[in-house]
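Asker: Residue numbering for the sequence shown follows this note's numbering, beginning at 2 and increasing consecutively.
FYI, nobody ran anything at the bench for these hints, they're computed from the structure.
Cut-off 30 Å, straight-line C-alpha distance, at most; resulting in silico cross-link-like pairs (DSSO-like, lysine-lysine):
| hint | residue 1 | residue 2 |
| --- | --- | --- |
| 1 | K51 | K16 |
| 2 | K22 | K82 |
| 3 | K80 | K64 |
| 4 | K118 | K22 |
| 5 | K51 | K80 |
| 6 | K16 | K80 |
| 7 | K80 | K114 |
| 8 | K114 | K16 |
| 9 | K114 | K51 |
| 10 | K82 | K64 |
| 11 | K51 | K64 |
| 12 | K115 | K80 |
| 13 | K80 | K22 |
| 14 | K22 | K115 |
| 15 | K16 | K118 |
| 16 | K82 | K115 |
| 17 | K114 | K22 |
| 18 | K82 | K16 |
| 19 | K64 | K22 |
| 20 | K114 | K82 |
| 21 | K115 | K16 |
| 22 | K22 | K51 |
| 23 | K82 | K118 |
| 24 | K82 | K51 |
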Amino acid sequence: MTKKEKKLFGMNAFKHVERIKEMLQTHFPQIPETEYSRLFSRLSGHYRHKYKPNDKICRSNPKLNNNERAIFDWLLREKYKPSTVYYWFLETRLPADVMHHLQEGNMTASTAKKIAKNRQRSNDANASLLILEQCIQAVRGWSE
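Take these sequences, add in the hints, and give me the full structure.
Answerer: Structure below.
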């Protein structure tokens, strides 16, 4: 392992994401920051199809445009796997308190994802119960 690889290996995911965002903003300013997750999702699918063609998850190979191809090549030159970068970008979309614990090293990434998913499920369940209550009240008000 070279010095550069050791240096990159010791960084946490959030530092990697910041480094990649800086590179994208300097070299590809036309790509908005809101599109990064979608971009890395496409690059991850392309990488999976290209390097693991027998993987059952791979359904189709997304065709990359010139910008996506340049970013894909840069990631591989810098020893980043697109699927790992996509995973890191998903970690940055966690709730703030969970992300804080993750950055401090108080919990693992898988635990943080489970907590965030459980919160989302409970929010969805609460919202559906509220809608159901409103429907029941509307029907009762209509029938009286």
